[in-house]
Amino acid sequence: MSATLTIDWSRCKGHGVCLAAFGERLTPDRWGYPQGIPTAGASLDDKEITAARTAVTTCPAAALGLRIE
Amino acid sequence: MTTATTRNTLPTDHVPGLPGLPVAGLPAAPRPDILRYTEGPLFAGVTRDGDRIDLARHRALWGELPTSDLDGLAGYADAAGLRGAGGAGFPTARKLRSMQGRRVTQVIINGNEGEETSAKDGQLLRHVPHQVLDGAALVAHATGTRRVVVRLAHDRPDVVSAVRQALSERSDRGISWKLSVDEHRFVSGEANAVIRGVSGGDALPHDLGRPPSDPRPRLGKKGSVFLSNVETFARLSLATRGVRPTSALITLSGAVASPGVYEVPTSWTAAQVVARAGLLTDPDLVITGGWHGRWVPWARLAACPLGWDAFEAVGARWGAGVLVVLPPGIPPRQVLTAIANRLAGESAGQCGPCVLGLPALARELARGGSGESVATEIDGRGLCAHPTATVAAVRSALTVLGDAPSSDRTTGRGRA
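Those protein sequences? They're chains H and F, same order as listed.
Numbering (our numbering) for the first sequence: 420 to 488.
Numbering (our numbering) for the second sequence: 26 to 441.
Just chain H, with the same shape it has in the complex (with noise of 0.2 Å):
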């Protein structure tokens, strides 16, 4: 499936839940901020939306968002 994840950056304070979460794509920076963000129409599996959508609702700073096509 086409998935994105988007980031409200103004939002992300570097709590690191969904690097835990989505632990597949996400690897922190050096400041413990998320990268390897799938962008625009990146395509997950199952699994990876499953993981995809738990950082979502599991992020303390409600930064995330998850649209599929």
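Hints listed in this document are in silico derivations from the structure and should not be mistaken for laboratory results.
Built from N, CA and C at the ideal position, the CB exists for glycine as well.
Among the hints, erroneous ones may be present.
[As the list claims (entries may be wrong)] Which bits of chain F does chain H cover? Going by a derived footprint, with three or more residues having C-beta under 8 Å, they are:
hint, region
1, 371-380
2, 403-411
[Claimed, not checked] Just the calculated beta-carbon pair ranges, DEER-fashion:
hint, chain 1, residue 1, chain 2, residue 2, range
3, F, G126, H, D464, 36 to 42 Å
4, F, R325, H, I487, 43 to 49 Å
5, F, G354, H, W450, 36 to 42 Å
6, H, I487, F, R128, 25 to 31 Å
7, H, R486, F, R358, 40 to 46 Å
Following the hints, position chain F against chain H.
Just chain F now, kept in the frame of chain H:
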């Protein structure tokens, strides 16, 4: 041909600084906020710096406001090859066409002109405000919008009063003009920051749910907003009147005798403009497109004609028509560090990779490094284009200075 200038009387040993940027013991120069030369339609009728074309004079020169629907306007913009003159260069015709069938709540003239290397927008508003206002009125009528906002920074009170006076002369049917003055701040000129500022919020970039590089018209909660740069509106007004885009508008600063705004034929080369401003010495390097732009060796730019495509072909960036000639005798690395520091200080302070990344990048540069490992962690991240544009500018400088990292840069791209 008119020369809107006093002759240069500067001694040749005078080394002008960079606008708003102290570097290597050289004090910052002021914004080059003076109209030096005009040979083209934008400043038609202006013979001296300070001449203001009032509404009566404007109508005598250009006639009444033409009428055109959205499609017609887009056609004129297309024929004139109009691109957004605020720096991003998005084709104006496409922007106009994307408004088709949308409810447009307001038209915003973005006159923020946040960077001191640019002065053209303020100069247009000072001298030919009605050409700018006509452009916005055309879009307002074509989109059925009543509300037109002129957004200005408060640091140039004479621009504010020129616009206030121009607005008091207008009596456009069906248009309600509004003047909105912002606390001057670099990123406040960023399009979605302007929209939020005009709507009464903090003039800071905010989340639009799409990349900041996407220049499509901004959608407010209640409808679309048509926002464009001052020069773009003036050019749209001229294009709709059938005037061919024969001139380029440039703000020239740095090591020239007469820094300022120049309207010159597009057939001129960069060397001709700089010669017109009085070369103090043969430059080595020029920064094109402002602090977010591209560094280019003068040897590569000198014979280049003016405009987006020609500049891009030599690795330069047209942007908002900014040329900064680096002063001789100032180590370019120090200029680069000063620019990186300046841009780090201009972060709106909202997004981590920008807040933390840009100062880290500046520190690396000050130490003599390339900062590339930090740069890859800034590139493509953040709410607005500021961090990514800063990285691009730094990389172009390092390439020109022969200090570019040897590693493959493309590996760091595409991160979010």
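Hint check results:
Requiring three or more residues with a Cβ within less than 8 Å of a Cβ of chain H, the coverage given for the region 371-380 of chain F holds, as 5 such residues are present. Taking a C-beta to C-beta cut-off of 8 Å, the region 403-411 of chain F contributes 3 residues in contact with chain H, enough for the three needed, and the coverage statement holds. Between F/G126 and H/D464 the beta carbon distance is about 38 Å. The supplied range of 36 to 42 Å therefore holds. Take F/R325 and H/I487: their Cβ atoms lie about 47 Å apart, and the range 43 to 49 Å holds.
Here the CB-CB span from F/G354 to H/W450 is close to 38 Å, well matched to the stated 36 to 42 Å. Between H/I487 and F/R128 the Cβ separation comes to about 28 Å, which falls inside the hinted range of 25 to 31 Å. Taken as a hint, the range 40 to 46 Å holds for the pair H/R486 and F/R358, whose Cβ atoms sit roughly 43 Å apart.
No hint from the list above goes unmet by this structure.
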